[in-house]
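Protein sequences appear in the order of chains A and B. All residue numbers for the first sequence refer to my numbering, where the first residue is 1 and numbers rise by one. All residue numbers for the second sequence refer to my numbering, where the first residue is 1 and numbers rise by one.
Since the hints were made in silico from the structure, they are not lab data. A portion of the hints provided could be inaccurate.
Claimed, not checked - The list that follows gives simulated cross-link-like pairs (lysine-lysine, DSS-like), each with its CA atoms no further than 25 Å apart:
id, chain 1, residue 1, chain 2, residue 2
1, B, K193, A, K327
2, A, K322, B, K135
3, B, K135, A, K27
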Amino acid sequence: MTDSKYFTTTKKGEIFELKAELNSDKKEKKKEAVKKVIASMTVGKDVSALFPDVVNCMQTDNLELKKLVYLYLMNYAKSQPDMAIMAVNTFVKDCEDPNPLIRALAVRTMGCIRVDKITEYLCEPLRKCLKDEDPYVRKTAAVCVAKLHDINAQLVEDQGFLDTLKDLISDSNPMVVANAVAALSEIAESHPNSNLLDLNPQTINKLLTALNECTEWGQIFILDCLANYTPRDDRESQSICERVTPRLSHANSAVVLSAVKVLMKFMEMLPKDLDYYGTLLKKLAPPLVTLLSAEPELQYVALRNINLIVQKRPEILKHEMKVFFVKYNDPIYVKLEKLDIMIRLASQANIAQVLAELKEYATEVDVDFVRKAVRAIGRCAIKVEQSAERCVSTLLDLIQTKVNYVVQEAIVVIKDIFRKYPNKYESVIATLCENLDSLDEPEARAAMIWIVGEYAERIDNADELLESFLEGFHDESTQVQLQLLTAIVKLFLKKPTETQELVQQVLSLATQDSDNPDLRDRGYIYWRLLSTDPVAAKEVVLAEKPLISEETDLIEPTLLEELICHIGTLASVYHKPPSAFVEGSRGVQHKRLPARAGSGESAESPDVGQSGPTEAPPAVIPSQGDLLGDLLNLDLAPPTATVPSVQPSMQMGAMDLLGGGLDSLLGGDIGGSPSMGAGLGAAPAAMPAALGSAPAVGGGLGDLFDLGGGVGMPTGAYVAPKTVWIPAMKAKGLEISGTFARRGGIIQMDLSLTNKAMSVMTDFAIQFNRNSFGLSPAGPLQVLTPLSPNQTIDVSLPLSTSGPVMKMEPLNNLQVAVKNNIDVFYFSCQYPLSLLFVEDGKMERQVFLATWKDIPNDNEAQFQIKDIHLNSDAASNKLQGSNIFTIAKRTVEGQDMLYQSVKLTNGIWVLAEMRIQTGNPNYTLSIKCRAPEVSQFVFQCYELVLKN
Amino acid sequence: MIHSLFLVNASGDIFLEKHWKSVVSRSVCDYFFEALERATEPENVPPVIPTPHHYLINVLRHRIYFVAVIQSEVPPLFVIEFLHRVVDTFQDYFGVCTEAAIKDNVVVVYELLEEMLDNGFPLATESNILKELIKPPTILRTVVNTITGSTNVGEQLPTGQLSVVPWRRTGVKYTNNEAYFDVVEEIDAIIDKSGSTITAEIQGVIDACVKLTGMPDLTLSFMNPRLLDDVSFHPCVRFKRWEAERILSFIPPDGNFRLLSYHVSSQNLVAIPVYVKHNISFREGSSQGRFELTLGPKQTMGKAVESVLVSSQLPRGVLNANLNPSQGTYTFDPVTKLLSWDVGKINPQKLPSLKGSMSLQAGASKPDENPTINIQFKIQQLAISGLKVNRLDMYGEKYKPFKGIKYMTKAGKFQVRT
């Protein structure tokens with residue numbers, strides 16, 4: 001006699017028959033009929049037609065029948081809202097039943113009926129149940145508030161249920177407390193800023209008391225809630241930790257992990273020299289290890305979390321390497337996670353064991369796992385320097401197995417080892433080259449090509465090897481194509497004589513026969529580099545690469561901190577902040593670890609290393625998705641020399657580049673063809689900025705820098721348009737125009753050089769005569785390419801104020817000499833004094849007052865600034881952009897008085913009082929300065945800034 | 001919290017669904033089926049699967065996938081633990097947890113699931129409480145119910161539900177008062193080619209069957225409690241007393257329960273009770289391979305090693321195996337390449353061995369991988385960690401209970417690499 005009998009019915013009119021049975025007088029028959037209905041419902045049959053008949057059975061004193069009817073109601077009420085109203089009366093009546101079980105059942109079921117009309121009737125019974133004398137009813141009602149909130153949030157707020165729910169946190173019964181916390185947490189999730197769970201030491205104490213007495217599930221709710229609290233000091237933090245630690249011995253793994261979360265977060269506040277801190281660290285290891293002996297799905301979640309914990313506090317599990325050893329019948333998802341943690345825990349002490357294990361794994365059956373294991377060997381080599389040699393020899397052993405995918409993986413990781421330990425293991429290259437033919441995966445091919453290119457000078461037949469790859473160039477993947485291009489360019493730079501043909505071939509393949517923009521761009525850049533300045537090309541292409549470190553796969557520290565606050569959640573499984581993926585969590589607040597008290601160590605410096613707390617946080621090399629990195633993507637790994645796009649200054653040359661100009665590029669007569677030179681000239685202008693070595697910043701980028709540096713300048717400093725400083729007639733065809741600018745504290749001379757002569761100009765240099773403020777070029781004039789006829793180049797020259805000083809007439813006069821291959825030209829120009837206004841020119845109020853009084857009145861100069869239509873605030877904003885700071889403002893009889901200060905690069909202070917009368921476009925400016933000759937020029941700056 | 005539950009059978013059909021909040025369409029399981037298809041083995045389906053609007057968390061038990069659907073941030077372990085509880089409850093109620101059993105008791109299953117979660121929050125998951133709410137189906141009760149018209153749903157509020165000892169009901173009565181404890185230890189170990197131990201750890205549990213009248217308060221003490229530094233307790237155990245005195249003090253639940261589980265880590269010396277001598281080799285260019293395996297006992301404290309079962313996944317290239325066991329029987333499945341040898345008891349005077357040859361596919365190259373040997377065994381009356389119960393006392397009740405303690409050691413994941 002099983003429930004399967006409910007599925008067997010006679011063929012004709014199933015529903016009809018059920019209807020008859022439901023309306024039967026016999027209780028037993030009724031119940032059997034309802035069971036049949038429920039059984040049909042579970043398999044997805046539509047029995048909604050029976051709604052009135054089933055609801056009629058609701059008024060019964062038979063609890064089982066009642067429960068069955070309730071089950072039915074919950075399923076179908078939504079589709080029959082009008083009918084559902086029929087049930088309301090019974091619900092309301094049941095909420096008054098003397099049996100608490102029935103009261104609770106009624107309020108619970110009502111909450112599950114997601115029909116607006118019913119929820120209205122629910123409010124009164126719910127209010128009563130929240131205050132019921134029986135805790136079982138109260139705890140059910142607490143959950144019901146969350147249900148109701150899901151259906152109609154406004155109603156819950158209007159009815160004041162949230163406050164009642166908050167009161168329940170102080171309930172005498174621990175289960176009621178736990179459920180209230182759970183309900184509030186769920187509601188808070190959709191209201192991130194509602195501050196529903198307002199935690200203070202009193203509530204925390206109540207929660208901790210309830211924690212000891214409630215069910216395992218309640219403990220999880222309470223622990224997760226505790227984790228959101230920030231203790232006031234380390235003492236409170238310790239006392240909470242002490243009361244939470246017993247949860248680590250709970251049989252329920254979710255309780256254990258939630259407790260780990262609370263402890264990991266709060267121990268952040270404990271001083272490290274505290275005995276208790278050490279005790280706590282020791283207590284954390286065993287429960288984590290125990291989680292790994294559980295079922296595989298629990299292990300998986302545990303491992304993902306341990307991965308975070310190990311990154312944050314490697315000391316906890318550093319002796320537990322062995323529990324992460326892989327068993328051959330672990331599910332693949334567990335194997336891969338264990339492998340990852342093994343590498344994170346690898347150290348000099350245990351590396352021998354780890355390597356032996358990894359080698360073992362490399363002979364397993366599962367291809368994915370084997371690959372990961374081989375990669376892991378490479379990561380070990382990079383992480384533990386002492387083991388590198390052992391790792392390399394292990395990898396060589398694996399290559400000898402000739403198992404195809406093992407060989408390929410091994411080559412990929414050996415490439416990384418080369419990058420980490422240059423000039424150490426190159427003796428193995430010969431072995432690698434033997435396996436060239438068996439490589440069929442792009443990554444392995446690319447790695448091999450990189451190795452050949454990088455060590456071209458040591459491989460006798462490097463050109464042959466690369467040439468062999470070139471044959472099927474168009475069938476290769478982009479990764480391989482890019483790598484091949486770079487490798488051959490490297491080869492050419494190293495052995496230019498015998499490989500000219502090869503490089504020409506690959507450049508034309510990349511630029512002319514390929515429709516991949518990345519490949520073409522890289523091809524062009526190399527081409528241009530090679531043709532214009534082989535020395536620069538060498539510097540760029542053969543630049544020293546940064547050493548890679550094992551830290552590249554670490555989670556970024558701030559994200560790690562946030563994830564530690566989310567241990568045990570989905571976020572911790574996916575290693576993404578919850579805001580990144582959880583639906584419905586609008587505006588989730590980012591959680592942070594609390595700062596440690598006392599020791600003065602801030603939370604921002606997580607102690608990742610085992611060696612000592614002084615170790616700096618690991619620098620995370622930007623991933624390859626990096627915008628600039630992608631553009632050139634030198635050598636697979638993130639590049640140092642991020643060469644920015646040359647696009648902005650290419651307008652002129654672009655057309656020619658694609659046309660015939662190219663063919664002559666390699667011809668050697670640099671600068672011979674006018675059409676080509678135009679295009680090339682632009683590129684080097686941007687180059688210094690790209691290399692990041694010189695502070696000079698070319699055109700477009702300079703503006704970017706300006707934005708970055710100008711934080712705090714509301715309007716930005718005014719930069720006058722360029723004026724012609726020396727016309728072409730006076731300088732044998734060279735026209736120079738320019739202006740001055742102060743960008744982020746750096747003084748710059750922006751120059752435009754135009755060649756109006758018939759021949760190419762090269763070898764530019766610049767010099768200043770001694771001047772009033774010691775301005776002098778901070779670097780050479782960066783004109784690397786020849787300037788061909790009719791071409792203009794924009795250069796930014798950084799200036800320093802540390803040059804020799806000589807008073808000039810006028811004060812801001814600057815005498816400049818520019819040299820090129822033709823002659824030396826002299827001109828003079830005048831710079832606005834605002835160039836010299838420094839960023840920290842804001843004087844203290846008191847100092848200002850004292851200084852103002854101190855400066856003799858003779859030094860005061862008065863000026864009129866005419867036709868300004870700005871109010872005082874706008875004016876002071878504008879002035880501040882040029883480092884003229886308003887210290888105070890006073891309004892007297894409709895007259896705004898602004899008191900301002902300016903500091904020059906040579907330390908001279910200028911004090912000013914500006915009077916602005918509403919309605920009067922003329923401002924009165926009084927300037928006081930110990931060096932009165934400056935005043936005139938400061939006034940000019942005022943005028944210039946305010947009028948533009 | 002937990003939104004919905006779908007039960008999926010081995011052939012990929014959804015045979016039961018339950019929703020605790022609004023209804024989530026079955027189609028959400030398509031993401032699960034995709035993952036199922038990608039997985040090479042049924043066990044390899046990832047436990048957490050993201051979909052655009054939901055997360056699916058699944059466990060595989062008794063060839064049924066229990067797929068829970070969640071919509072907001074819920075601790076995955078919470079969901080997994082709950083699913084385990086569902087499986088345990090079904091097994092407890094129906095004896096087996098199979099598709100057939102669930103279908104046969106579909107109404108009880110529904111009632112149970114409704115009782116276990118409310119709006120996705122766990123409500124009653126303790127077997128004691130559930131059994132008071134919904135009586136387990138028995139043939140006798142079904143007959144009685146049909147005759148008397150009584151129901152299998154409890155009318156009373158379960159007493160344990162809100163008491164400080166939610167795991168025990170009041171008014172328990174037995175004529176024979178007895179308390180049995182089983183100390184069961186499983187050894188997980190990896191042994192390398194040369195026979196040395198790479199890692200070995202012990203997972204131990206103390207399972208109890210307590211049938212005592214009234215509200216007994218028990219204490220259990222050990223000869224060597226220092227072994228237990230990594231333990232998880234049943235909620236009934238008073239943690240403070242354990243911390244202070246290393247004594248287990250508790251009011252037990254009624255019936256069967258797991259009192260504690262413990263873990264003896266790989267840092268301690270773990271005795272390995274069996275050793276294996278093996279020689280599995282293939283020669284290059286030959287279509288034959290040699291297979292030799294001998295088992296022997298060691299460090300067993302004089303106890304017999306029984307129910308020994310050896311299994312090994314032979315390389316894919318092996319066509320067949322022609323072996324000769326000195327005792328027991330062996331089978332080789334040419335499709336799955338699984339070799340298993342049912343050895344039985346190890347006789348220290350005459351060590352069991354399995355010798356013979358394997359045939360490879362003609363012309364195939366020598367297999368790359370080395371098969372791992374998996375060993376199962378049992379040793380009665382021995383806890384390999386050396387754990388020993390000192391005494392068991394009862395307070396709070398007057399009668400004299402009958403007490404018993406049994407020890408057993410088993411192989412867990414015991415693997416020998418070749």
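Tested hints:
1. About 15 Å separates the Cα atoms of K193(B) and K327(A), which keeps this hinted pair within 25 Å; it holds.
2. Restraint check for K322(A) and K135(B): the C-alpha separation of about 46 Å exceeds 25 Å, so the hint is violated.
3. Between K135(B) and K27(A) the CA atoms are separated by roughly 19 Å; this keeps the pair inside 25 Å, and the hint holds.
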